[in-house]
Structures are given as C-alpha cells and as structure tokens.
Amino acid sequence: MANPIEQFKIKPIIPLEIGGVDVSFTNSAVMMVISVVLITAFLTLSVRSRALVPGRWQSMAEVFYEFIASMLRDNVGSAGRKYFPFIFSLFMFVMFGNVLGMIPGAFTYTSHVIVTFGMAIVVFIGVTIIGFARHGTHFLRMFFPEGAPILTAVILVPIELISYFSRPFSLAVRLFANMTVGHIILKVLGGFVVTLGGFYVLPGIVPFAFLGAVTVLEFGIALLQAYVFTILSCIYLHDAIHMH
Amino acid sequence: MPQFDPAFFAPQLFWLAVTFITLYVLMAKVALPKIGAVLDERQRKIDDNLDKAAQLKAEAEAAVAAYEKALAESRSHAHSVIKEAGERLAKQAEERTRDLNAKLAEQIKAGETRIAAAKDAALTNVREVALEVAGATVARLVGGTADQAKLDAAVASALKEHGQ
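Listed in order, the protein sequences are those of chains W and V.
Read in order, the letters of the first sequence are residues 1 to 244 in the UniProt record's numbering.
Read in order, the letters of the second sequence are residues 1 to 164 in the UniProt record's numbering.
Okay, chain W solo, but in the shape it has when bound (with noise of 0.2 angstroms):
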C-alpha cells in the first residue's frame, strides 16, 4: 500500500537560495501558480464580453463576487469595503488550493501548516493593525470589557489574551487538518480498494463505494473550509472595527 504522507512531500523542482535562504520553486509553489493563472484567467476572460444577461461563466464569476461582497457587507459593514480584494483574494486562493487538491495526483498547498498558518498570522497582524489604527489604546478594551467589575480582571484578561492570540493557529490548524486529515482518508481507502480488489472483485466493491462517497464529501469540506476560513477571517475585521 502507498505510504499515505507521500502525497504531503515537497519535491523541489527549481533549486533557489536568496541571501542563504532556500527559496526552491517546489511542488507547492507550482500548484500555488497554477491557482494565482486559473483564477485570474477564469475572472477576468468570464466578464470579457461583459454581458448584460450574463452567460454560464459570467455568472459564475458574478456569484463569487457578490457571495464575497455580501459576506462581507453581512459581518463587517460597509467599513469593510476596502478589505474586500484581500478578502476576496484570500477566499479564491484558499478554495483553488483546497479543489486543484482534489485532482489525483495533484499537490495540495493548504495542506501544508506553514501555508495555512502564513495566510492566518498576515489575517491576524493586519486585523491587530486596524484594531489600534481605529481604536488606539482603546484597542485593549477587546481584553476587559467596559462595565465589569475590576476584580473580574484577573480572569477576564488572561481568557481574553489566550482567545485572542489563539485565533492564528485554530484558523491554520483547522484548514491544515482538514485538508490533511481528508486526503489520508482518500489515500487509505484507495489503498483497500487496490489491495482488496486484487485479490477479489467483490470485497473491493466495498471500500470503492466509501471512496465514492468520501470524495464528494471532500468536495464538501474543500469548499466549506474556504468559505469557514474566510468567514472568520470577516469576523476578526469586524471585532477589530467595531470591537465587541
């Protein structure tokens, strides 16, 4: 049976080094490209004729749009309109990540914790960055919150800095995850599906079937973690605007 991890490996394909750093255009760098062409390709060729009634992929086009600019709008408020490209960009690069993964054989970036966790930390600085931009010192307010009682601070400040400083890594650590969790399970029971059906047609049936199901319910989780990643990402912008 194939070794489930394999598939996470980085294979550098054009050895880099900037200033005593490995910078090598990998595996991952690759499929990072692929999804930066396919989605500006996809944007931008889609709204070309710039219909009026729009065709199959203009719509599709227009519904990231607006399904992004209403998210937004929805959680962070009109405010929130200049944060809308990164937002948008973040919520395609995240989705194309996840679904080009789901082509066998294809590598998948937001299984990787270091990526997840780079796109988390930059959500992370720059809501922290707007927070006092906004709010100055009042910013801190987030970690006590006006009206309760002082002594309540003891406990009150140490959860809300551990909450605060724990968005970062749940943010990367559940897109990781998942993305690494599922494309084992893939693995495992494709591995069954060889192994059984080799010696018999019949028991590989089975495991062929909960590949099946499983793959669409990847899809699911590949579209779902975008849209979660995303949808927090709205929700930090929001606390940060308008805090609590």
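Worth flagging that the hints you see were computed from the coordinates, not collected in a lab.
Distance condition first, Cα-Cα at most 30 angstroms in a straight line; then the derived DSBU-like pairs of lysine-lysine:
| no. | chain 1 | residue 1 | chain 2 | residue 2 |
| --- | --- | --- | --- | --- |
| 1 | V | Lys160 | V | Lys150 |
| 2 | W | Lys11 | W | Lys187 |
| 3 | V | Lys109 | V | Lys91 |
| 4 | V | Lys109 | V | Lys119 |
| 5 | V | Lys160 | V | Lys109 |
| 6 | W | Lys82 | V | Lys45 |
| 7 | W | Lys82 | V | Lys34 |
| 8 | V | Lys34 | V | Lys52 |
| 9 | W | Lys82 | V | Lys29 |
Fit chain V to the known structure of chain W by using the hints.
Positioned in the frame of chain W, the structure of chain V alone reads:
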C-alpha cells in the same frame, strides 16, 4: 509528516507571499474592478428601465385622467344642453297653451255675447208677440181695444214669472 519539517517552511512561505501578493494585485487592479463595473452597469440599466417604466406609467395615468376629465366634462355639457332644451321647450309649450287658452277664452266670451244678444233679441220678439197676441185675444174676447198700459204690465209680469 513533511508538513512539520522546518526545511520546507522558508520556500513555501516565500512562494506563498509571491503568489498571494500577485493574486491580490491582479484581483484589486484587474479582475474585481471589471466584474464590479459589469454589475454596476447592469444595476444602472435596471434602474434606468425602472425609471422609464415609472415615467411611462405616470404618463399613461395622466392620459387616463385627462380622458376621464374630458368625458365628465362632455357628459355635464350634454346634460346642461338637454336641460336647457327641455326648459326652452317647456316654456314654449306653456306659452302656446296660455295663448291658446286666451284665444279660446276670447272666443267663448264672444260667443256668449252673441248668444246673449240673440237671446235678448228673441225675448224682445217674444214680448212683442205676446203683446200682440194678448191685444188680439182681448179684442176678440172682450171686443174693442184693451188698455195698452195694463197689457204691458201683464206681459212683463208673465215674462218675469217665467224667469225672464
């Protein structure tokens, strides 16, 4: 797990930064403004058409109102014309009736006068005849002529007795 191998952190973070910044710039400068423009234009067109529809509706309503006003006006005009004509005809009829009545009354009066005259004449004749007959009767019965004055009185009282 390869995910936790720090050797692959740097290249992945580097390419994540490169690709994500590229994507952000492409989205912010190219793709999103394009889609936004298409959506805005559609919204504008829809609003325009709605405005136009509202305007046309208002025009149609104004036309209906004008039509109804004209209808009401002509109806009331017709009404007044009918009323006027009715009044005029009634007046004429009344006048004519009055004229006719007057004429008839005149004729009746003339007739009555004529009848009265004829009656008078007749009565005068009756008196004379009565006088003559009385004179002749007296002469025949008594012989000689009767006293003219007594005869007169007797005839007059007889006539009076018979209502004349």
